[in-house]
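Student: Below are the chains, spelled out letter by letter.
2 protein chains.
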Amino acid sequence: MKPKAFIAVLAYLLLATTAALSQTQTSRVVPQASTKTLESLGYPADAKLLIVHADDLGMAHSINRASIKGMESGLVSSASIMIPCPWLPEIAAYARSHPAADLGLHLTLTSEWSLYRWGPVLPKERVPSLVDSSGYFYPTETEAAARINPKEAEAEIRAQIARARALGIQPTHLDSHMGTLYQNQALFETLFRVAREHQLLVRVSMEWFPSAPFLPSLLGPNDVVMNSVISIEPGVPAVGWSRFYSDAVKNLQPGITEMIVHLAYDDEEMRGVAFDHPDWGSAWRQRDFEFVTSEGFRKLLQENNVKLVTWREISKRLLEAAR
Amino acid sequence: MKPKAFIAVLAYLLLATTAALSQTQTSRVVPQASTKTLESLGYPADAKLLIVHADDLGMAHSINRASIKGMESGLVSSASIMIPCPWLPEIAAYARSHPAADLGLHLTLTSEWSLYRWGPVLPKERVPSLVDSSGYFYPTETEAAARINPKEAEAEIRAQIARARALGIQPTHLDSHMGTLYQNQALFETLFRVAREHQLLVRVSMEWFPSAPFLPSLLGPNDVVMNSVISIEPGVPAVGWSRFYSDAVKNLQPGITEMIVHLAYDDEEMRGVAFDHPDWGSAWRQRDFEFVTSEGFRKLLQENNVKLVTWREISKRLLEAAR
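If you're matching them up, the sequences are chains V and Z in order. Under the working numbering, the residue at position 180 of the first sequence is numbered 180, and the numbers go up by one with no gaps. Under the working numbering, the residue at position 211 of the second sequence is numbered 211, and the numbers go up by one with no gaps.
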């Protein structure tokens, strides 16, 4: 895949010429950049493209079940898999039997729960900077990023990709669990290097440029940058869940947006995983599941002329555009 | 701990002098051997001692929850933990906060479910004979035993013990998941060697001598051999569950017996683990849980003068007897 330079270059040029703008102004400018790119991909210039993306597949059976149900509802267009996690064999079997599913890898360098944990695919001895004293990954992305040797991170994410392929998973894209690989320039560079070598697109949003000012300079001619990411964060009350997502969809601008959701059933397993962590916890994930599989969400997308897309589709159009 | 030679030696001598006896006759002889040992342990000669033992802790949250509930009912006296499994951190935390719990290690060299699997504590590269092409342990004890290099098995079980201790688990005994370490003489020797070095008692029953004729010769002066093991097997219908265990308790002979049970809730997680495997599956484990936590079981033990004991208690009495 050798897609023509487009979004990344536009974004880079734009950012370079808007260095003096405030953060707010910068984020206002960005959508204009990628509006143009839609045409180069064969989409109408005003297309509102949305990837509804389920994270964390493989982490737990509850997550696998809910995410598969979400994908099969037709309203979750994409998802990514955590290779180091216990329920990997189940989702790998699903990937093998559903080759059309848009499944990427949720590259994993953290293990965030208190009593249910995992560690690297590589022997701990080979990647000592990735694990805490218990031999599992560090629980937070900040702690992990502060301690990780990027060379060891690179070896580990290469091993995760190799393991995925050995299990018959053909990933359509890459992203980073808890954003660990987005924490600093060295880790971003590592992620891009590995992604490019494997000709895989990476979750990156123009909205991240203000807080990662080095980011535009890391982008290469074949990278894709989305216009925005929709992700619900702590602070939204349970009763405000639908409203948050509905408002986000109603406010969608032309361009490519990813809505990142975390699907699971609020069952005993998921409550056990997240017993002390309501944020991204069991009830949280059930709420995400209920919203994205609802008829209300389907209508909302229709009424707002939002087109669901996949990473596979974008990669394919990029490839075609490059011909 | 340097307990006086007793059960093992008696059993060995008895077996050596009854070599001409048939299998049936041999098993009839065995209880007489350890009846005498009860006195050396300070128990009445006719004591019926029962360890009610939950296997597979750490394998799944459902199993941890049900097994902890079983132990806290007072009717499950002992249990053992699978160190390579995903829910280890939860049961390790329980072990740290409940130092009086009689928790051993269920040494693990197999990974028996189709879509939920685990592999060695040691890097796969160091123990290649223990893993299949997917990098997990072999699914069956026969396949595992046929392929395992005993030196690698020894390294791995030492690593499992070391990992348990590093997590604050002080095991009271050892046993072998799916009996993999009981499959041949070399593996039995490995198990005994490691157990003796760690001064830990091992699940061994005199009932196994006929099918493992080399076993008596492997026993050392500080080993303990139980008179019998009660373990429900495929073929018992669900409606016959209570009857099976009740008959077993009513037929208990004086000596030390272990009742091996597999406790879990028949919930979504456990159904996911065992979806294609009703034997030792989700409903099976719920039935075990219901029986061993029932008031009927409590009464049955009382009415039949059965005394629940633990591996810790037996080890302690052995130590005292050796003084």
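Honestly, the hints are just simulated from the structure, not real lab data. Given the structure is predicted, the values throughout are model-derived calculations rather than measurements. Hints should not be assumed to be uniformly reliable.
Same chains, same names: a pair is fine if it fits in one copy or spans any two.
[What the hints assert, rightly or not] Calculated pairs, SDA-like style, for lysine to any residue (alpha carbon to alpha carbon, straight line, at most 25 Å): (1) K69 with S114; (2) K48 with G240; (3) K316 with L75.
Student: Please go over all the hints and tell whether each is borne out by the structure.
Tutor: Do the hints match the structure? See the list:
With identical chains, the CA atoms of K69 and S114 are at most 25 Å apart between copies only, with a shortest distance of 20 Å across copies and 27 Å within one. In this homomeric assembly, K48 and G240 come within 25 Å of each other (Cα to Cα) only inside a single copy, at 24 Å, whereas the closest approach across copies is 62 Å. In this assembly of identical chains, the alpha carbons of K316 and L75 lie at most 25 Å apart only when taken from the same copy (21 Å versus 61 Å across copies).
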